[in-house]
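The chain contents come next:
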Amino acid sequence: MAHKLRPMVSGNDHIQGLAGAPLELVEYGDYQCPHCGRAYPIIKRIQEEMGKDLKFVFRNFPLSEAHPQAFPAAVAAEAAARQGAFWAMHDIIFENQELLESEEMPFVEFAQKLGLDIQKFEQDLEDPKLAEKVDDDFTSGVRSGVNGTPGFFINGNRYDGSWEENVLLAQLKAVLAKG
Amino acid sequence: MLQKGDAAPDFTLYTTPDQTIRLNELAGKKVILAFYPADWSPVCGDQMALYNEMLKYFQKYNAQILGISVDSKWCHMAFSEARKLHFPLLADFEPKGAVARSYGVYDAKEGECQRALFVMDEHHIIQWSYLSPVGINPGADGILDALEEMANSPVS
Numbered sequence: 000m001a002h003k004l005r006p007m008v009s010g011n012d013h014i015q016g017l018a019g020a021p022l023e024l025v026e027y028g029d030y031q032c033p034h035c036g037r038a039y040p041i042i043k044r045i046q047e048e049m050g051k052d053l054k055f056v057f058r059n060f061p062l063s064e065a066h067p068q069a070f071p072a073a074v075a076a077e078a079a080a081r082q083g084a085f086w087a088m089h090d091i092i093f094e095n096q097e098l099l100e101s102e103e104m105p106f107v108e109f110a111q112k113l114g115l116d117i118q119k120f121e122q123d124l125e126d127p128k129l130a131e132k133v134d135d136d137f138t139s140g141v142r143s144g145v146n147g148t149p150g151f152f153i154n155g156n157r158y159d160g161s162w163e164e165n166v167l168l169a170q171l172k173a174v175l176a177k178g
Numbered sequence: 000m001l002q003k004g005d006a007a008p009d010f011t012l013y014t015t016p017d018q019t020i021r022l023n024e025l026a027g028k029k030v031i032l033a034f035y036p037a038d039w040s041p042v043c044g045d046q047m048a049l050y051n052e053m054l055k056y057f058q059k060y061n062a063q064i065l066g067i068s069v070d071s072k073w074c075h076m077a078f079s080e081a082r083k084l085h086f087p088l089l090a091d092f093e094p095k096g097a098v099a100r101s102y103g104v105y106d107a108k109e110g111e112c113q114r115a116l117f118v119m120d121e122h123h124i125i126q127w128s129y130l131s132p133v134g135i136n137p138g139a140d141g142i143l144d145a146l147e148e149m150a151n152s153p154v155s
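Protein sequence lines correspond, in order, to chains F and Z. First residue of the first sequence: 0, per numbering that gives the first Met the number 0; consecutive thereafter. First residue of the second sequence: 0, per numbering that gives the first Met the number 0; consecutive thereafter.
Be aware that one or more of the hints could be misleading.
[Said to hold, decoys possible] Lysine-lysine pairs mimicking DSS-like chemistry, simulated, CA-CA at most 25 angstroms apart:
id : chain 1 : residue 1 : chain 2 : residue 2
1  : F       : Lys3      : Z       : Lys3
2  : Z       : Lys108    : F       : Lys128
3  : F       : Lys43     : F       : Lys128
4  : F       : Lys3      : Z       : Lys59
5  : F       : Lys43     : F       : Lys177
6  : Z       : Lys55     : F       : Lys132
7  : Z       : Lys28     : Z       : Lys72
8  : F       : Lys172    : F       : Lys128
9  : Z       : Lys55     : Z       : Lys83
10 : F       : Lys132    : Z       : Lys72
11 : F       : Lys128    : Z       : Lys72
12 : F       : Lys3      : Z       : Lys55
[To be verified] In silico negatives: residues of chain Z with every beta carbon more than 12 angstroms from chain F:
id : residue
13 : Lys3
14 : Leu25
15 : Gln46
16 : Asn51
17 : Tyr56
18 : Pro87
19 : Glu109
20 : Glu111
21 : Gln113
22 : Ile124
23 : Asn136
24 : Ala139
In short, the hints are calculated from the structure, not lab data. Yeah, the Cβ is synthetic: ideal placement off N, Cα and C, and Gly gets one too.
Bound conformation, chain F alone (with noise of 0.2 angstroms):
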């Protein structure tokens, strides 16, 4: 079984990168999956240390009832994508995980301290059309083979092998060098 990325990264995508690097990495990500926490800084290491040859994407894919506060948590940074903070609000959540382990949700002073438009933060976190947009993420990365979390695509193939950094970092050179 070939698992290929789909729908392919476009528009509605967040992305980080140049829009036309020769490599694409996409994470399908939980906000509370404590595997997915101690992938960030790798994906920041390796995002700098391949400059511009690395454009890297995140797509929601929490899994709700192993983490109750993951949902939420998509939908808080999606939130945030809506005053032009989605990388902001996803940094502050990965960078304070433990947070989400008590029953507070802590995204509404995560906004506070990013200088985001309060109130329009907690009306967007009821709009249903964002729950959608995580919904069809994680509805995306079943589609596409996401068989945990992180799971990740390297060029719309899905990876299967380590993801620890000098692994990772290796087959992306790989796959660059082979163009």
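Chain F is fixed; fit chain Z onto it per the hints.
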């Protein structure tokens, strides 16, 4: 391993300490049978956790998912509770692996079920089957593709 077009062998297995499930009692429903090696795999978002998130997708296709391993009913109960699973896990426990053998997916060396998926129609004729490489969670895209294909080509 049973293939497309084969009739799915009937079975009755424990799902909780005082409850059994018989395949034939699910007549009129599509059934997804997911054989897996063991409860308590150490990763989050493992195979059963993934299916647990997908129950509404399966329902849409009138499909019931059943997990099946050689773990005992007590083990399944603890695992289900710990992972908050909302679908049955079946204990292919006594005689050990008998159902897995009847589907051709028993690993006698390890004494466990292989990681194998079967999707059957409402008449319990197998429409899709897949054996996953050891250690690789097959995900759910193959299951959804099979359900979708069945929905697009109704049984005559």
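- Non-interface claim for Gln46 (chain Z), where every Cβ of chain F lies beyond 12 angstroms: Label violated. Min Cβ-Cβ 7 angstroms, cutoff 12 angstroms.
- 12 angstroms cut-off, C-beta based - Lys3 (chain Z) kept clear of every residue in chain F: 15 angstroms, holds
- Message: Tell me if the straight-line CA distance from Lys132 (chain F) to Lys72 (chain Z) falls inside 25 angstroms.
- Response: Roughly 39 angstroms separates the two Cα atoms, so the pair is violated.
- Query: Are Lys28 (chain Z) and Lys72 (chain Z) close enough, with their CA atoms no more than 25 angstroms apart?
  - Reply: 24 angstroms, holds
- Checking the smallest CB distance to chain F, is Ala139 (chain Z) really beyond 12 angstroms? 5 angstroms, violated
- Message: Please check whether the beta-carbon of Glu109 (chain Z) is more than 12 angstroms away from every beta-carbon in chain F.
- Response: 21 angstroms, holds
- Task: Given the hint that Lys55 (chain Z) pairs with Lys83 (chain Z), test it: the Cα-Cα distance must not exceed 25 angstroms.
- Result: Answer holds: Lys55 (chain Z) to Lys83 (chain Z) is near 15 angstroms, not above 25 angstroms.
- Report holds if the minimum CB distance from Asn51 (chain Z) to chain F is greater than 12 angstroms, and violated otherwise. 5 angstroms, violated
- Within a Cα-Cα threshold of 25 angstroms, do Lys55 (chain Z) and Lys132 (chain F) meet the stated pairing? 17 angstroms, holds
- Item | Satisfaction of hint between Lys55 (chain Z) and Lys3 (chain F), Cα-Cα up to 25 angstroms | Distance ~23 angstroms between Lys3 (chain F) and Lys55 (chain Z) Cα, so the pair holds.
- Checking the smallest CB distance to chain F, is Ile124 (chain Z) really beyond 12 angstroms? 21 angstroms, holds
- Task: Please work out if Lys108 (chain Z) and Lys128 (chain F) have their alpha carbons no farther apart than 25 angstroms.
- Result: 51 angstroms, violated
The structure shown violates the earlier hints numbered 2, 3, 8, 10, 11, 15, 16, 17, 23, 24.
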